[in-house]
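Protein chains in written order, with the numbering used here: chain H, 166 to 398; chain U, 2 to 249.
Hints were generated in silico from the structure; no laboratory data involved. There may be inaccurate statements among the hints.
As the list claims (entries may be wrong) - Straight-line distance between alpha carbons at most 30 Å, and here's what the computed DSBU-like set of lysine-lysine pairs gives: (1) H:K365 x H:K316; (2) H:K213 x U:K3; (3) H:K342 x H:K328; (4) H:K171 x U:K236; (5) H:K213 x U:K187; (6) H:K365 x H:K262; (7) U:K145 x U:K159; (8) U:K3 x H:K262; (9) H:K365 x H:K249; (10) U:K187 x H:K316; (11) H:K249 x H:K171; (12) U:K159 x H:K316; (13) H:K249 x U:K187; (14) H:K368 x H:K330; (15) H:K262 x U:K159; (16) U:K236 x H:K213; (17) H:K249 x U:K160; (18) H:K262 x U:K145; (19) U:K187 x U:K145.
Source: prediction; values computed, not measured.
Residue-level listing of the chains:
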Amino acid sequence: METLLKSTNLCKSFDDLEVLRDINLAIAPGERVALLGPSGAGKTTLLKILAGLEQPTSGSVENHAQRTAFVFQEPRLIPWCSVKNNLLFVNPFGDYKEALRSVEMADFADYPPADLSGGMRQRVNLARALITQPDLLILDEAFHSLDLGVKMRLMESIHQRWKAKPFALLCVTHDPKEALYLADRIVLLSARPASVLLEKKEKAIQKREITSPDFLAREAELIQLLSNKAYLG
Amino acid sequence: MKNFWRILAGIAILILLWQLAALGLNRSILIPAPSETLRLLFHNFTTPNMLLAAGQTAWKVLFALALAIFLGLPLGLLLGLSDAAYNLLRPLIMVVQAVPVISWLSLVIFTWGIGWRGPIFISFLSLFPVAVLTSVAGVHDLDKDLLEMARLYRVPWKKVVREIHLGSLPPFIAAILDVSIGQAWKVTLVSEYLCGGDGLGEAILTARMNVDIPSVWALTLGAVLLGLLSEALIKFVLRRFRHAWKRS
Numbered sequence: 166m167e168t169l170l171k172s173t174n175l176c177k178s179f180d181d182l183e184v185l186r187d188i189n190l191a192i193a194p195g196e197r198v199a200l201l202g203p204s205g206a207g208k209t210t211l212l213k214i215l216a217g218l219e220q221p222t223s224g225s226v227e228n229h230a231q232r233t234a235f236v237f238q239e240p241r242l243i244p245w246c247s248v249k250n251n252l253l254f255v256n257p258f259g260d261y262k263e264a265l266r267s268v269e270m271a272d273f274a275d276y277p278p279a280d281l282s283g284g285m286r287q288r289v290n291l292a293r294a295l296i297t298q299p300d301l302l303i304l305d306e307a308f309h310s311l312d313l314g315v316k317m318r319l320m321e322s323i324h325q326r327w328k329a330k331p332f333a334l335l336c337v338t339h340d341p342k343e344a345l346y347l348a349d350r351i352v353l354l355s356a357r358p359a360s361v362l363l364e365k366k367e368k369a370i371q372k373r374e375i376t377s378p379d380f381l382a383r384e385a386e387l388i389q390l391l392s393n394k395a396y397l398g
Numbered sequence: 002m003k004n005f006w007r008i009l010a011g012i013a014i015l016i017l018l019w020q021l022a023a024l025g026l027n028r029s030i031l032i033p034a035p036s037e038t039l040r041l042l043f044h045n046f047t048t049p050n051m052l053l054a055a056g057q058t059a060w061k062v063l064f065a066l067a068l069a070i071f072l073g074l075p076l077g078l079l080l081g082l083s084d085a086a087y088n089l090l091r092p093l094i095m096v097v098q099a100v101p102v103i104s105w106l107s108l109v110i111f112t113w114g115i116g117w118r119g120p121i122f123i124s125f126l127s128l129f130p131v132a133v134l135t136s137v138a139g140v141h142d143l144d145k146d147l148l149e150m151a152r153l154y155r156v157p158w159k160k161v162v163r164e165i166h167l168g169s170l171p172p173f174i175a176a177i178l179d180v181s182i183g184q185a186w187k188v189t190l191v192s193e194y195l196c197g198g199d200g201l202g203e204a205i206l207t208a209r210m211n212v213d214i215p216s217v218w219a220l221t222l223g224a225v226l227l228g229l230l231s232e233a234l235i236k237f238v239l240r241r242f243r244h245a246w247k248r249s
């Protein structure tokens with residue numbers, strides 16, 4: 166299988182604090198993977214290492230993506246630039262209108278971030294990632310500050326975008342629904358030091374209806390896994 | 002509004018104490034009465050010569066301030082970005098900051114003699130370290146998450162410097178202006194007094210040499226009022242500017 170992103174025996178420690186232990190993960194182009202793990206397990210650290218923002222203590226990362234986009238947990242918008250200029254900052258030739266439309270923020274292009282709510286800023290954060298037309302999109306609890314309605318519409322927007330032109334997606338979430346909606350493969354991490362507990366390939370869900378019996382059954386199964394002692398640590 | 006009345010009351014108390022001291026001492030050669038000083042102040046600042054002197058001092062203050070910002074900011078930016086450059090040049094900046102004005106005066110008098118260059122140079126030297134160190138602090142305080150975001154999206158470094166580093170500086174320019182304007186007036190007046198060929202400082206020197214103490218008081222009060230006025234003007238402009246910057 167062709168690999169876009171691969172980590173081999175990845176370990177990370179901060180002084181005496183071991184955070185990641187022997188993480189082996191491979192993501193193919195166009196594949197969607199959700200990472201679930203307890204709070205403080207080191208998921209963000211893992212994402213940062215995979216994106217090349219941090220160095221592992223040992224092990225290696227191969228990232229063959231031409232364009233990696235990262236939706237950070239916090240919006241990280243430049244406060245003195247308008248929403249539009251925040252998007253054009255990462256891709257001056259990108260279609261900012263389309264990117265803002267896809268996150269339902271088309272009317273706010275000229276607003277300064279300070280005038281937006283937390284959820285709106287987070288949507289701009291997502292639009293900034295989308296404007297780069299990434300072949301690897303990393304989402305670090307990207308929807309945590311959004312209400313359910315907006316969250317569902319944005320997940321659908323990402324899904325439709327993926328269907329139109331597949332890209333690899335790696336998301337970290339605590340929400341089983343989000344994981345099932347966005348991903349084809351679920352990876353469960355243990356408590357710190359995080360290591361891969363379980364990988365679960367999901368059957369392709371054609372209709373992503375969160376109230377369908379199939380979806381609910383899968384969610385229940387995943388919740389059961391998340392209640393496992395090994396997962397909770 | 003309450004604050005305004007409090008300030009007025011404070012000024013009134015100050016003038017009252019001044020009047021009492023003048024009456025108690027009864028020697029206008031040491032402490033002239035406020036009424037006499039204010040009369041002289043009004044008289045002086047309505048003559049063309051004194052207005053010209055005030056203008057000469059004001060342009061030196063503004064020129065020194067502008068020079069300190071235009072040279073201090075880029076240097077501060079560079080030192081903020083490069084630890085090596087910062088460690089290399091920090092001792093020099095600390096020395097410039099620590100050398101007393103009087104020592105620069107000697108150097109200036111020997112180099113240029115009496116004239117306008119001395120006050121500008123000395124004011125510049127007293128403001129320059131503030132401008133540099135404030136800019137360095139600005140760069141150091143910059144949100145590192147923004148730089149990490151720029152690195153992830155492989156934004157060219159020139160654009161990062163322009164949009165993030167330079168973009169973050171306006172509040173620091175405002176802080177430099179805010180902190181420095183009062184100091185700029187004081188240092189320029191002292192320099193004019195000691196080595197300037199014109200300006201309010203030189204007018205104070207002339208009044209002192211003529212043992213015209215009420216004029217010394219009136220000119221000093223005039224200089225203080227001009228300093229306060231320029232400070233208030235700058236604060237007013239900065240308030241509007243800060244608002245515009247936040248909205249941009």
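Each hint, compared with the structure:
no., hint, in the structure
1, H:K365 x H:K316, "holds (24 Å)"
2, H:K213 x U:K3, "violated (54 Å)"
3, H:K342 x H:K328, "holds (19 Å)"
4, H:K171 x U:K236, "violated (56 Å)"
5, H:K213 x U:K187, "violated (52 Å)"
6, H:K365 x H:K262, "violated (37 Å)"
7, U:K145 x U:K159, "holds (17 Å)"
8, U:K3 x H:K262, "violated (49 Å)"
9, H:K365 x H:K249, "violated (39 Å)"
10, U:K187 x H:K316, "violated (60 Å)"
11, H:K249 x H:K171, "violated (34 Å)"
12, U:K159 x H:K316, "violated (36 Å)"
13, H:K249 x U:K187, "violated (45 Å)"
14, H:K368 x H:K330, "holds (20 Å)"
15, H:K262 x U:K159, "holds (25 Å)"
16, U:K236 x H:K213, "violated (43 Å)"
17, H:K249 x U:K160, "holds (16 Å)"
18, H:K262 x U:K145, "holds (28 Å)"
19, U:K187 x U:K145, "violated (38 Å)"
Of the hints listed earlier, those the structure fails to meet are numbers 2, 4, 5, 6, 8, 9, 10, 11, 12, 13, 16 and 19, in rising order.
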